[in-house]
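Engineer: Letter by letter, the chains look like this.
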Amino acid sequence: MSTNKLLTGTETAAQAALLARVDVVPAYPITPQTVIVETLAEMIGSGELDAAYINVESEHSAMASCIGAAAAGARAFTATSSQGLALMHEVLHYAANGRMPIVMVNANRALAPPWNLYCDQSDSLAQRDTGWLQYYCADCQDVLDSILVAYKVAEEVSLPVMINLDAFYLTHTSEAVELPDQEAVDAFIPKQIKAVMDTEHPATYGNVCGPELYTSIRYNRHYDAVGALESWQRASQAYAQAFGRSCPPVQTYKTEDAETILVVAGSASGALRLAVDQMREQGHAAGMLRLAMLRPFPGEMIARAVGGAKRLVVVERGVSSGMGGIVGQELKAALFGRPGGLDIWSLFAGLGGKDIVPEEIAAEALAIAAGKPSGPEHGDHCIWTGLLP
Amino acid sequence: MTNTALTQDIMGPGHLACAGCGAAIAMRHAMEALGPKTNIVVPAGCWSTFIGVYPNSCLRVPVMSVAFATTAATASGLKAGLERMGRGEETVLAWAGDGGTFDIGIQALSGAAERNEDIIFVCYDNEAYMNTGIQRSSATPPGAWTTTTPESALKSQRKKNMVAIMAAHGVPYAATASIAYPEDFMAKMAKANSIRGTKFIHLFASCPTGWRHGSELSVEVAARAVKSRVFPLYEVMDGEEWRMSPMPAKEPVSEYLRMQGRFKAMGPEIEAEFQRGVDRSWKSLARKCAPSA
Ligand SMILES: Cc1ncc(C[n+]2csc(CCOP(=O)(O)OP(=O)(O)O)c2C)c(N)n1
Ligand code: SF4
Chain A
1 MSTNKLLTGT
11 ETAAQAALLA
21 RVDVVPAYPI
31 TPQTVIVETL
41 AEMIGSGELD
51 AAYINVESEH
61 SAMASCIGAA
71 AAGARAFTAT
81 SSQGLALMHE
91 VLHYAANGRM
101 PIVMVNANRA
111 LAPPWNLYCD
121 QSDSLAQRDT
131 GWLQYYCADC
141 QDVLDSILVA
151 YKVAEEVSLP
161 VMINLDAFYL
171 THTSEAVELP
181 DQEAVDAFIP
191 KQIKAVMDTE
201 HPATYGNVCG
211 PELYTSIRYN
221 RHYDAVGALE
231 SWQRASQAYA
241 QAFGRSCPPV
251 QTYKTEDAET
261 ILVVAGSASG
271 ALRLAVDQMR
281 EQGHAAGMLR
291 LAMLRPFPGE
301 MIARAVGGAK
311 RLVVVERGVS
321 SGMGGIVGQE
331 LKAALFGRPG
341 GLDIWSLFAG
351 LGGKDIVPEE
361 IAAEALAIAA
371 GKPSGPEHGD
381 HCIWTGLLP
Chain B
390 MTNTALTQDI
400 MGPGHLACAG
410 CGAAIAMRHA
420 MEALGPKTNI
430 VVPAGCWSTF
440 IGVYPNSCLR
450 VPVMSVAFAT
460 TAATASGLKA
470 GLERMGRGEE
480 TVLAWAGDGG
490 TFDIGIQALS
500 GAAERNEDII
510 FVCYDNEAYM
520 NTGIQRSSAT
530 PPGAWTTTTP
540 ESALKSQRKK
550 NMVAIMAAHG
560 VPYAATASIA
570 YPEDFMAKMA
580 KANSIRGTKF
590 IHLFASCPTG
600 WRHGSELSVE
610 VAARAVKSRV
620 FPLYEVMDGE
630 EWRMSPMPAK
640 EPVSEYLRMQ
650 GRFKAMGPEI
660 EAEFQRGVDR
670 SWKSLARKCA
680 PSA
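Line by line, the protein sequences give chains A and B.
End of the first sequence sits at 389 in my numbering; the numbers just go up one at a time, nothing left out.
End of the second sequence sits at 682 in my numbering; the numbers just go up one at a time, nothing left out.
You may find that some hints are simply not true.
As the list claims (entries may be wrong) - In silico lysine to aspartate or glutamate, EDC-like type, Cα no more than 20 Å apart, as pairs:
no.	chain 1	residue 1	chain 2	residue 2
1	B	K426	A	E281
2	B	K544	B	E660
3	A	K310	A	D380
4	B	K549	B	E472
5	B	K639	B	D668
6	A	K310	A	D224
7	B	K544	B	E662
8	A	K191	B	E472
9	A	K194	B	E472
10	A	K254	A	E281
11	B	K426	A	D257
12	A	K5	A	E281
Source of the hints: derived by calculation from the structure; they are not laboratory data.
Keep in mind it's a predicted model, so treat the numbers as computed, not measured.
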């Protein structure tokens with residue numbers, strides 16, 4: 001029987017790792033993911049979770065230890081945020097290029113300087129070319145469900161998965177979470193990791209190779225990542241059958257007839273639903289699209305959902321300086337060449353923990369639709385709200 | 390020196406190291422001591438490139454080629470994973486160059502030592518970053534030429550005392566070894582393999598390419614480093630009990646230095662200073678190794 005518990009996002013992540021029966025947890029603290037590694041330490045200490053806990057000396061080492069553990073065929077889990085994720089960068093490539101089925105939770109937090117503990121997705125968005133699959137959670141239940149689905153996908157396609165939680169919004173919000181029972185989870189994600197390090201069948205991992213083989217290895221990784229979208233959907237459907245909930249790569253709200261679609265990755269989808277309702281009350285056909293999967297990028301699904309809309313207004317939580325909003329750029333690339341002239345705007349309304357306020361978003365989106373965006377606009381379809389004078 | 394007949398055929402032909410590479414010789418001896426139930430972790434460095442072009446490998450045990458700074462951390466995770474998978478009895482050998490140990494790898498190594506991870510960490514010390522073309526590392530001795538310590542600015546700083554750093558962590562076993570004394574090295578590897586916890590072996594491995602000596606002289610150069618006490622052989626148990634290994638009679642450093650092109654710009658003054666440094670280090674080591682009254 002499943003049980004219901006009131007849990008924060010970080011506590012939920014630890015519960016998911018427990019249910020996934022992870023084998024090895026290399027851990028290094030950073031706000032606001034710390035509760036995850038603290039909870040897991042407690043669980044392992046008390047014997048509730050039978051796993052090895054490694055108090056590593058840095059995030060760089062945490063990911064390296066995950067790779068070592070996965071190379072032995074063990075299920076590895078870790079969690080980080082912001083500076084920690086940035087420090088891991090080199091080793092993130094190793095995990096993906098080495099095809100290690102690691103699952104990691106990242107609490108989306110702003111990068112320094114200036115120091116800022118709050119929500120910002122620049123940390124994980126900057127890792128989108130490392131080869132990791134990336135999922136952005138909507139709520140605490142989604143944290144639990146997506147971690148379990150992630151293990152199934154990771155071990156099926158041999159690629160690591162990053163599960164992203166908006167700092168303080170999701171990490172620290174308590175919600176009722178339904179925890180499936182252990183036997184059902186065991187049946188859903190039986191461990192299927194092939195040990196790279198096998199003394200019976202010795203082979204090398206990652207030693208030198210020439211350009212042709214290198215290109216072929218990258219080809220395989222790319223198309224396996226592309227194919228991971230289908231794996232994810234299959235796993236998500238299987239999960240829905242077993243537990244009644246799914247983790248779709250794209251989630252929509254009132255998009256069928258929408259002229260303007262607000263787009264966001266992460267937990268602000270709730271706020272944007274309210275903004276959509278407000279826009280509708282003012283007579284504007286608005287909709288919302290929540291982008292849950294950033295890698296692989298569900299371009300086709302987005303194109304279908306966007307339908308005949310005139311414009312997308314992306315509420316951005318990450319900026320690529322000198323270019324624009326990161327999610328907006330991804331959408332432009334994915335939707336390039338479609339007939340119908342879709343306008344894509346980046347609305348910087350959620351950097352460094354800035355609250356995404358439905359009223360403000362609705363007002364700005366309506367202004368854009370009326371051709372009169374209010375904030376400074378630099379000819380690059382980037383609108384900045386709440387700037388200091 | 391006696392001839393050692395090797396029985397384990399774990400390191401086969403096909404490595405791409407330079408002729409006379411001390412680090413290549415050393416692996417054969419290490420594998421002779423450790424046997425086939427060994428999992429090797431190597432970071433960037435000469436060993437990661439000369440092991441063979443994929444899918445070829447000169448080693449008949451599994452090998453992970455890992456990010457430069459991560460040797461000890463990857464080895465920690467690997468050991469934990471093996472234990473979880475019921476293979477806890479297998480050996481995890483981390484095998485890194487001096488750069489991967491003294492410099493970029495020291496943080497992860499210190500972390501692993503503090504946690505007393507059950508791994509053997511061997512630093513094959515060729516006293517420079519050889520794989521990237523002979524640049525200074527913190528293991529480069531004073532007076533040595535490298536491409537980043539040109540003749541106009543030879544290295545002046547002394548070499549880090551890596552064994553003392555590891556001993557200060559209180560690891561159960563730390564030792565030095567040399568490719569010129571394979572029995573001693575193999576005995577130390579076998580001993581390391583019988584102890585649980587972090588074992589550190591600082592292995593002196595000549596590099597004809599970087600040290601500028603004939604490839605036929607690798608073993609002799611390494612032997613002279615021991616005889617001149619530039620690289621004494623010793624062990625440290627639990628960070629406390631220091632013990633000298635059997636050592637040959639002492640000779641001056643001059644012959645050791647003269648054999649290598651990397652020291653050719655060293656004038657008599659720097660050589661005298663080098664000798665004083667060696668004598669000082671020896672005294673301090675001898676004190677640590679003296680049986681307490
Ligand atoms: C993060 C990082 N920085 C730099 C390098 C480039 N690099 C590769 S091998 C190497 C030197 C290795 O020196 P050492 O550890 O002494 O081993 P050796 O080459 O002498 O065997 C360097 C600097 C790298 N691979 N990774
Ligand atoms: S450069 Fe030196 S350490 Fe590297 S393979 Fe050649 S001899 Fe060996």
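Engineer: For this structure, which hints from the list above don't hold up?
Structural biologist: 1, 4, 6, 11, 12
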